[in-house]
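**Q** Could you build the full structure based on these sequences and the hints that come with them?
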Amino acid sequence: MSVPFYVSPEQIMKDKADFARKGIARGRSVVVAQYADGVVFVAENPSKALHKISEIYDRIGFAAVGKYNEFENLRVAGIRLADMRGYSYDRTDVTGRSLANAYAQTLGSIFTETAKPFEVEIVVAEVGADEASDQLYRLTFDGSVADEHGFVAMGGSAEAIAGALSAAWAPGQDLATSLRQAVHALGEHGTEETRELPASDLEVAILDRTRPRRAFRRIEGAELEALLA
Amino acid sequence: MTTGGSLDAPHGTTIVALCFDGGVVMAGDRRATMGNVIAQRDVQKVFEADSHSVVGIAGTAGIAVELVRLFQVELEHYEKIEGTSLSLDGKANRLSTLLRGNLGMAMQGLAVVPLFAGYDDVADRGRIFSYDVTGGRYEEHDYYAVGSGSSFARGSLKKLFHFDATAEQSVRIALEALYDAADDDSATSGPDLTRRIFPVVAVVRRDGVEMIEEDALAQAAEEMLAERMRRPGGPWAQVGGDSS
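Heads up: the sequence lines are chains G and V, in that order.
Those letters in the first sequence? Residues -1 to 227, per our numbering, in order.
Those letters in the second sequence? Residues 31 to 274, per our numbering, in order.
Treat the hints with care, since some could be wrong.
[What the hints assert, rightly or not] Pair by pair, the computed Cβ-Cβ distance ranges are:
id : chain 1 : residue 1 : chain 2 : residue 2 : range
1  : G       : Glu111    : V       : Ala246    : 40 to 48 Å
2  : V       : His192    : G       : Tyr66     : 49 to 57 Å
3  : V       : Asp237    : G       : Thr189    : 36 to 44 Å
4  : V       : Pro265    : G       : Ser86     : 26 to 34 Å
5  : V       : Arg130    : G       : Asn67     : 28 to 36 Å
[Said to hold, decoys possible] To list a few chain G residues with every Cβ distance to chain V over 10 Å, as calculated:
id : residue
6  : Glu53
7  : Arg78
8  : Gly84
9  : Glu111
10 : Glu129
11 : Val143
12 : Thr189
13 : Thr192
14 : Ala197
15 : Ser198
Read the hints as simulated data drawn from the structure, not as lab findings.
All residues carry an ideal CB built from backbone N, CA and C; glycine is no exception.
**A** See the structure below:
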């Protein structure tokens, strides 16, 4: 008769976390950065159909790295929660904080209760009336939440990219500046060799606080090229 | 308006829509009535359903407004989940289903009759859809009107509609049709100059919905009223000769 091996909870959690981290680091990186009039999302993503960036609600956007089917699941759940809440109460009652909480609960439960944790990292961003009231929440695979300011880099070589951005990013800069910094950091530190990322390899969107109601807008084609030039 | 001794609830009234070369115009008056009482003078009955379609409502106001709210959320929800908008036919069908869900209430006298219009990217033109209380969906051509003053508005539109009209002329035609409805239907309001309350008018083109600003509406309404001072029946159509 075989005796099952004893594995300590510490070891189980560590193995799961290592597994998730490895999965996330394999993918390409995403940068979310503030600029004077809102928040810009930049992903290195040649696919025009499978998005890593999405609108969630009027003033709330979403960005993710990791396994597509897993973060797509979270994205859809987030939109459903936001739309349900906004319809039941009022549009102003949908907040980035409550959404980040819901994601944290979901990711936390999946991490502890299932054999395989989600290999994802996500950002929930909300624009407020001014730069100081913008919110950036970073959520990791185990359900921990971090309240970030300025910029967030995730996936791939996130640390190197964040390092480059912390030297460059400053509050109050315009969209083109924030966008170029993000694209530059992704190109320089995304892979081993430094590359010049063309507009066609980028997925870019903004939450523009000056727009009425729905702040989210994708930036594509000629507009993106003009901003990068 | 009560049917079968059911409860009094505010009702909405006349909505008109007409196509023009490049899109579609929808306009609605601002009056809500409860029996013989005017329940509200500045109620909104024409709404942006999404970026490329509008919906107007006649019938029980409370239920109609809720129906529109749900419809708006459903269109936006689909758009966010799928990353693309529903087709115009898809939107029209969805409204049909929502309406059918209200059939029980309609049988008890709380009916809602919407009018839906939007720009069809594929057909490259504006389109109008009317509905009955059972959720039946009917595509209308050129123009249509719903609500208690609709027969008067439709008569007016029949004489004034022409497909060569510009968007601005179509807005004026819609205002004339609403005036004619208000002229003969007590539950429809005309432009209220003393309170500066004007019909809600939306123009849908390829590049999206535009809700016409109050100043532009006030000007159009004042021009219309100035002409009606001379001819209360409104514009006249030439008969015979080279009328076309």
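**Q** Starting from the hint 40 to 48 Å, judge whether the C-beta atoms of Glu111/G and Ala246/V obey it.
**A** 59 Å, violated
**Q** Determine whether the Cβ-Cβ distance between His192/V and Tyr66/G falls within the hinted range of 49 to 57 Å.
**A** 53 Å, holds
**Q** Holds or violated: is the Cβ of Gly84/G farther than 10 Å from all Cβ atoms of chain V?
**A** With a cut-off of 10 Å, Gly84/G comes too close to chain V, as the shortest Cβ separation is near 7 Å.
**Q** Decide, holds or violated, for the assertion that all CB atoms of chain V are farther than 10 Å from the CB of Thr189/G.
**A** At roughly 27 Å from the nearest Cβ of chain V, Thr189/G sits farther out than 10 Å, so the non-interface label holds.
**Q** Can we confirm that no CB of chain V comes within 10 Å of the CB of Val143/G?
**A** 23 Å, holds
**Q** Do the beta carbons of Pro265/V and Ser86/G sit within 26 to 34 Å of each other?
**A** 48 Å, violated
**Q** Can we trust that Arg78/G is non-interface, i.e. its beta-carbon lies farther than 10 Å from all of chain V?
**A** 8 Å, violated
**Q** For Glu129/G, which was marked as not at the interface, is the minimum beta-carbon distance to chain V over 10 Å?
**A** The claim stands: Glu129/G keeps its Cβ more than 10 Å from every Cβ of chain V (closest is about 25 Å).
**Q** Beyond 10 Å from every Cβ of chain V: is that where the Cβ of Glu111/G lies?
**A** With a cut-off of 10 Å, Glu111/G remains clear of chain V, as the shortest Cβ separation is near 26 Å.
**Q** Run the C-beta distances from Ala197/G to all of chain V and say if the shortest one exceeds 10 Å.
**A** 19 Å, holds
**Q** Ser198/G clear of chain V by more than 10 Å, beta carbon to beta carbon?
**A** 18 Å, holds
**Q** Could you check the hint for me, namely that Arg130/V and Asn67/G are 28 to 36 Å apart, CB to CB?
**A** 35 Å, holds
Checked against the numbered hints above, the structure violates hints 1, 4, 6, 7 and 8; every other hint is satisfied.
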